[in-house]
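A.B. asks: Sequence:
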Amino acid sequence: MNLSFRQMEYICAIADTGSYCAAAKKLYVTQPTLSIAVKNIEKILGTPLFIRKKSDVIPTAEGAIVLAYAHKILQLQKEMERKLYHQQEAHIKKIRIGIYSILNTLIIPPLLVRFKKKHPDIEISSIHGHYQALDNSLSKNNLDLIVCVQDQDNPLFDCIHLKREHFLLAIPPEHAACKKAIVMENLPYPYLDIRELDQDPIFFQYPHQQIRWQENKLLEISGFHPKEIKEVESIQLAIQLASEKLGVAFTMESYIKSFHTQKPLAYYVTGDQKQTPWLTICTARGLSRDPVVQDCIEILRELVNER
15 MNLSFRQMEY ICAIADTGSY CAAAKKLYVT QPTLSIAVKN IEKILGTPLF IRKKSDVIPT
75 AEGAIVLAYA HKILQLQKEM ERKLYHQQEA HIKKIRIGIY SILNTLIIPP LLVRFKKKHP
135 DIEISSIHGH YQALDNSLSK NNLDLIVCVQ DQDNPLFDCI HLKREHFLLA IPPEHAACKK
195 AIVMENLPYP YLDIRELDQD PIFFQYPHQQ IRWQENKLLE ISGFHPKEIK EVESIQLAIQ
255 LASEKLGVAF TMESYIKSFH TQKPLAYYVT GDQKQTPWLT ICTARGLSRD PVVQDCIEIL
315 RELVNER
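Converting from the sequence shown to our numbering requires adding 14 to each position, the first position being numbered 1.
No lab work stands behind these hints: they were computed from the structure.
Treat the hints with care, since some could be wrong.
[Claimed, not checked] SDA-like cross-link-like pairs, simulated, lysine to any residue; straight-line CA separation at most 20 Å:
| # | residue 1 | residue 2 |
| --- | --- | --- |
| 1 | K244 | R209 |
| 2 | K259 | I243 |
| 3 | K244 | E258 |
| 4 | K177 | I313 |
| 5 | K271 | K288 |
| 6 | K57 | Y83 |
| 7 | K67 | I50 |
| 8 | K53 | T74 |
| 9 | K39 | S236 |
| 10 | K39 | Q166 |
| 11 | K92 | E76 |
| 12 | K288 | E234 |
| 13 | K97 | L301 |
| 14 | K40 | Q21 |
| 15 | K131 | P305 |
| 16 | K231 | D167 |
| 17 | K108 | G300 |
| 18 | K40 | E234 |
| 19 | K288 | F129 |
| 20 | K231 | N168 |
| 21 | K288 | I138 |
| 22 | K288 | Y220 |
| 23 | K241 | L255 |
| 24 | K288 | S236 |
| 25 | K131 | R110 |
| 26 | K97 | S302 |
| 27 | K108 | Q91 |
| 28 | K131 | E320 |
| 29 | K131 | R96 |
| 30 | K193 | A280 |
| 31 | K39 | K271 |
| 32 | K244 | N230 |
| 33 | K271 | E242 |
| 34 | K193 | E210 |
| 35 | K108 | I138 |
| 36 | K154 | S302 |
[What the hints assert, rightly or not] Restraint-style ranges between C-beta atoms, simulated for each label pair:
| # | residue 1 | residue 2 | range |
| --- | --- | --- | --- |
| 37 | Q91 | I235 | 39 to 47 Å |
| 38 | A36 | Q213 | 43 to 51 Å |
| 39 | G60 | Q308 | 29 to 37 Å |
| 40 | D286 | H222 | 38 to 46 Å |
No residue lacks a Cβ here, since even glycine has one placed at the ideal position from N, Cα and C.
Whole structure, please, built from the sequences with the hints as guidance.
C.D. replies: Written out as structure tokens, the structure reads:
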């Protein structure tokens, strides 16, 4: 009848928010994942924990008992981690972060400012690179955490989802295809089918870059055959070329604030929205539970969701 800490976090989040949907957002999991997890917990305990009503979810009598203890256990866990942190704090001198170069200047400076207020004696260092290089460095313990875009969690690491990372195309606002775009609920930009751009050359990045995986996935899923593919390593360069009406560029949503073009561009979500990747923090297994690393992760989460 043992429950894991994660299972307790699931049921406590539902009780605290009164909603499976809100709890799933709080936990950075999908609602079906959460529903399946609760069914498994109820199977383990041999009793239903929640009653679903029209507007909210309320605990059963048995659920209230389980939740009372789950809250206490999670609180004790946090207290234990904090006490261990104060005992071990002197041993933590530096957090080594790996990040894409395009996000480095956007995220690292404000992270340093906020983290220093909480931990003035702990240093943060950062390096930037492509996904594979960062992944290898984390695997070899040359980094403590990396910020990356992932389609699926790497089972070798602790993976913490920050936000859904929409894949966008960029074209001039006067392009004829802009009239075909559709405003859709829950999307940050209008949606445009890539097949509307079959007469335009497109700019892809090099095969070792993470965004190229998204670009290849777009072609595979849509069955789109572009007029011409031109490879450029720099996403910034591709965006500049698109602004000059030389073709279609692609980017991830979080990168947009790093772009500066003299001419305007319109951005559109494209591709299969059921396969939208995550902006993710990865750490070595277990390291994400370290209180200092947790503080760093929470600041990164704040910064990403402010942008």
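A.B. asks: Decide, hint by hint, whether the structure agrees.
C.D. replies: Results of checking the hints against the structure:
For the suggested pair K244 and R209, the alpha carbons sit about 17 Å apart, so the restraint of at most 20 Å is met. A distance of roughly 15 Å separates the Cα atoms of K259 and I243; the hinted pair therefore holds under the 20 Å criterion. With a C-alpha separation of about 15 Å, the suggested pair K244 and E258 falls inside the 20 Å cut-off, and the hint holds. At roughly 14 Å between alpha-carbon atoms, K177 and I313 fall within 20 Å of each other, so this suggested pair holds.
For the given pair, K271 sits about 25 Å from K288 by alpha-carbon distance, which is inconsistent with the 20 Å threshold. For the proposed pair K57 and Y83, the alpha carbon gap of about 18 Å is at most 20 Å, so the pair holds. This hinted pair checks out: K67 and I50 have alpha carbons roughly 18 Å apart, not beyond 20 Å. Restraint check for K53 and T74: satisfied, since their Cα atoms lie roughly 14 Å apart, inside the 20 Å limit.
Between K39 and S236 the CA atoms are separated by roughly 29 Å; this puts the pair beyond 20 Å, and the hint is violated. The hinted pair formed by K39 and Q166 meets the criterion: a straight-line CA distance of about 18 Å does not exceed 20 Å. With a C-alpha separation of about 25 Å, the suggested pair K92 and E76 falls outside the 20 Å cut-off, and the hint is violated. Of the pairs offered as hints, the one joining K288 and E234 holds, with about 14 Å between alpha carbons and a cut-off of 20 Å not exceeded.
For the hint pairing K97 with L301, the CA-to-CA distance comes to about 16 Å; that is within 20 Å, so the pair holds. At most 20 Å may separate the alpha-carbon atoms for a hinted pair to count; K40 and Q21 meet this at roughly 14 Å. At most 20 Å may separate the alpha-carbon atoms for a hinted pair to count; K131 and P305 meet this at roughly 15 Å. Straight-line distance between C-alpha atoms of K231 and D167 comes to about 17 Å, which keeps the hinted pair within the 20 Å bound.
For the suggested pair K108 and G300, the alpha carbons sit about 17 Å apart, so the restraint of at most 20 Å is met. Among the hinted pairs, K40 with E234 is inconsistent with the structure: their alpha-carbon atoms are about 32 Å apart, more than 20 Å. Pair hint K288 plus F129 does not hold up; C-alpha atoms about 35 Å apart against a cutoff of 20 Å. For the hint pairing K231 with N168, the CA-to-CA distance comes to about 18 Å; that is within 20 Å, so the pair holds.
Annotation: proposed proximity of K288 to I138 is violated, straight-line Cα distance about 36 Å (limit 20 Å). For the suggested pair K288 and Y220, the alpha carbons sit about 25 Å apart, so the restraint of at most 20 Å is broken. Distance hint between K241 and L255 is fulfilled; the C-alpha atoms sit about 16 Å from each other, no more than 20 Å. The straight-line distance between the Cα atoms of K288 and S236 is roughly 13 Å, inside the 20 Å bound, and the hint therefore holds.
For the hint pairing K131 with R110, the CA-to-CA distance comes to about 18 Å; that is within 20 Å, so the pair holds. For the hint pairing K97 with S302, the CA-to-CA distance comes to about 16 Å; that is within 20 Å, so the pair holds. For a cut-off of 20 Å, the pair hint linking K108 to Q91 is broken: about 24 Å separates their Cα positions. Of the pairs offered as hints, the one joining K131 and E320 holds, with about 19 Å between alpha carbons and a cut-off of 20 Å not exceeded.
Taking the CA atoms of K131 and R96, the gap is about 18 Å. The hint holds against a cut of 20 Å. Proximity of K193 to A280 is assessed by CA-CA distance (about 11 Å); at most 20 Å being required, the pair is judged to hold. Our distance criterion of 20 Å between C-alpha atoms is broken by K39 and K271, whose separation comes to about 24 Å. This hinted pair checks out: K244 and N230 have alpha carbons roughly 13 Å apart, not beyond 20 Å.
A distance of roughly 28 Å separates the Cα atoms of K271 and E242; the hinted pair therefore is violated under the 20 Å criterion. Taken as a hint, the K193 and E210 pair is honoured in the structure, with Cα atoms around 10 Å apart against an allowance of 20 Å. A C-alpha spacing of about 6 Å is found between K108 and I138, which places the hinted pair at or below 20 Å, so the restraint holds. Restraint check: the Cα-Cα separation between K154 and S302 comes to about 17 Å, which is no more than 20 Å; the hinted pair holds.
Taking the beta carbon of each, Q91 and I235 are about 41 Å apart, inside 39 to 47 Å as hinted. Against the hinted window of 43 to 51 Å, the Cβ-Cβ separation of A36 and Q213 comes to about 44 Å, which satisfies the hint. Separation of G60 from Q308 is about 34 Å and conforms to the stated range, judged on CB atoms against 29 to 37 Å. Between D286 and H222, the C-beta spacing of about 23 Å breaks the proposed range 38 to 46 Å.
The structure shown violates the earlier hints numbered 5, 9, 11, 18, 19, 21, 22, 27, 31, 33 and 40.
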